[in-house]
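A.B. asks: So the sequences go chain by chain: A and B.
With my numbering, the residue at position 255 of the first sequence is 255, and numbering never jumps.
Adding 347 to a residue's 1-based position in the second sequence gives its number in my numbering.
Hints in this document: simulated from the structure, not taken from any laboratory.
Don't take every hint at face value.
Claimed, not checked - Capping the alpha-carbon separation at 30 Å, the derived lysine-lysine pairs in BS3-like fashion look like this:
no.	chain 1	residue 1	chain 2	residue 2
1	B	LYS647	A	LYS182
2	A	LYS343	A	LYS89
3	B	LYS543	A	LYS172
4	A	LYS195	B	LYS621
5	B	LYS646	A	LYS172
6	B	LYS608	A	LYS228
This structure is a prediction, so every number in the text was calculated from the model and none was measured.
Spelled out, the chains give:
There are 2 protein chains.
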Amino acid sequence: MTKSYHVAVVGATGAVGTQMIELLEEAATFKIKQVSFLSSIRSAGKKLAFRGEEVIIQEATPESFEGVDIALFSAGGSVSKALAKEAVKRGAIVIDNTSAYRMDPTVPLVVPEVNEKALFSHNGIIANPNCSTIQMVAALEPIREAFGLNRIIVSTYQAVSGSGVSAIQELKDGSRAVLDNKEFTPQIMPVKGDKKHYPIAFNALPQIDVFTENDYTYEEMKMINETKKIMEDNTIKVSATCVRIPVVSGHSESVYIEVDKDGVSAKDIQNALKNAPGVVLEDDPANQVYPQAVSAAGKKEVFVGRIRADIDDSKGFHMWIVSDNLLKGAAWNSIQIAESLVKLAII
Amino acid sequence: MTKSYHVAVVGATGAVGTQMIELLEEAATFKIKQVSFLSSIRSAGKKLAFRGEEVIIQEATPESFEGVDIALFSAGGSVSKALAKEAVKRGAIVIDNTSAYRMDPTVPLVVPEVNEKALFSHNGIIANPNCSTIQMVAALEPIREAFGLNRIIVSTYQAVSGSGVSAIQELKDGSRAVLDNKEFTPQIMPVKGDKKHYPIAFNALPQIDVFTENDYTYEEMKMINETKKIMEDNTIKVSATCVRIPVVSGHSESVYIEVDKDGVSAKDIQNALKNAPGVVLEDDPANQVYPQAVSAAGKKEVFVGRIRADIDDSKGFHMWIVSDNLLKGAAWNSIQIAESLVKLAII
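Chain A with its partners taken away, still in its complex shape (with noise of 0.2 Å):
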């Protein structure tokens, strides 16, 4: 007989969390013999639809796990720091979308299509990667694989999304404004809580979370970081300049590579990704065909397309990644874990 789980999603009403609810309801492929909706006090109480059942919210306490299999967590760090662990006490595995436990040598980093491997080793806790790294990752593993990788320079063009609900509110209600010519006073971006708000509206801003002592921004220093304990490989060079612009949903990466092997070319590249798990290859520029943030929102795959060889370094080469990062970059690809934990019979 097919197992089946019990799943609790931490953080239910937030961005993430809502897609976590849609997946566990339309495209999960374990079977799901209840659910358990947790968040903040605030929310506690309020009603959600699952598979025409009403489902109430509750307040996430240590109690909250008991006889739970599976814990899909996306409330903020310090949540996690809370509550993971009197999950785990509790029987259930964590899957961690929160970047409290994801560079702790005792937790796997895991993005299935890439080191699916890397759950077995799990105690309880599995961290799901930054959703700038999780695109970026899957879309070079298998070029990583067939030709060895040497460096890695991205710059992104993240979306609001992955600063929550607020901050989609926060870019629409700025660009009304200065639709408008009216005044408007930002007061998320670029990080919330930040000692200074500047405008996303029609703007760049090359600050995505706190600055580090040594002038990255955390984002940054996520993707350095990242990159290398999920490719299991700590010799690979990767530097990363993170930039919100005003997109909804959507993260564009910029990608240069360097690859190990000689001789590669192009099309080489091209061919490594064309049937790679997750990832889906829109490179036609004689046709303007490449990838978007606005045909990507919605989606689950990773769309790379602009690859084409560097002019002067004949092992380099350029590309442009997107994905949706509150799917592949977030809630799908911690129910992908899940349905791996299953697969794998690790649950």
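Please arrange chain B on chain A, whose structure you already have, making use of the hints.
C.D. replies: What follows is chain B alone, placed relative to chain A:
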């Protein structure tokens, strides 16, 4: 007695022409005895104010340039091809803001802060570089002078105003349609007259200008070739990915460079830029100070920030370069060339 000049503006009603006229009126340091505002027959007859007097726009013909000393062209490549040599024949020096003559080896391609002396070798036509190139070389030249420059990898975040007045309108109309949940069919972006058109509102388009045979766009090849020509060094490795984003004015650029010299620090790079002509250092991450498109709009300088050492390559540095693409990227650089011609007594 100070010389005084008859200045013609070709393309007087365009996005750049309008800025040129404003700068001639308010900022130019040379004396102007007469202006001619020229356009296609469509705008001929319209009136523009200049220093309190009415100037009637005239159709640009070969005869329009009789008596003209300085002719500023910004009406598209075909107009420059048709009329620039006619102007030179009649004694004018042409400063051409189109791509028509930029790579002509007999035509100097000039950013005054970088290669003003190239003006001495002019044969009547001087080319104004592409907007995205100008701001990059203005920021990188002081670094190159101090430490040498081996490599540039740039990803751009370009404003729509580079595509003209109708593109700005399309961004505004498209944005409002999205906010109002209405249908909108783009007809201009990414490239006027190309086969397909895509929304620029809340999107990022990795295509500026049409594609060339090597799958780079013309815009990307302009940045690559023009940088080498302006810096008078064909050995510098340059690669570019050019992307249009929903910003009205102000191009931003994520730039990675490798210097020649050993032991250079991010602080050294900052110091090289601190007093560089036309460059403003805005680089204080602890206080969230970095260049932004919306704050650079309307200003003549090139703004540089987010300067930091690459983590893996001791000669590598990252930075964020922003400037108003219609001013330093076009109109202001043209006026500066005219000022240099006067200052160097070439005219």
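A.B. asks: Hint check: B/LYS647 vs A/LYS182, CA-CA at most 30 Å. Holds or violated?
C.D. replies: Cα-Cα ~25 Å, so holds.
A.B. asks: Tell me if the straight-line CA distance from A/LYS195 to B/LYS621 falls inside 30 Å.
C.D. replies: Distance ~25 Å between A/LYS195 and B/LYS621 Cα, so the pair holds.
A.B. asks: For the pair supplied as a hint, B/LYS608 and A/LYS228, confirm whether the alpha-carbon distance does not exceed 30 Å.
C.D. replies: 29 Å, holds
A.B. asks: With the threshold set at 30 Å, check whether the alpha-carbon distance from B/LYS646 to A/LYS172 stays at or below it.
C.D. replies: Satisfied, since the Cα-Cα distance of roughly 27 Å is no more than 30 Å.
A.B. asks: Hinted pair, alpha-carbon criterion (30 Å max): B/LYS543, A/LYS172. Please report holds or violated.
C.D. replies: Holds, because 27 Å separates the two Cα atoms, which is no more than 30 Å.
A.B. asks: Verify the proposed pairing of A/LYS343 with A/LYS89, using a straight-line Cα cut of 30 Å.
C.D. replies: Holds, at about 23 Å.
Taken one by one, the earlier hints all hold for this structure without exception.
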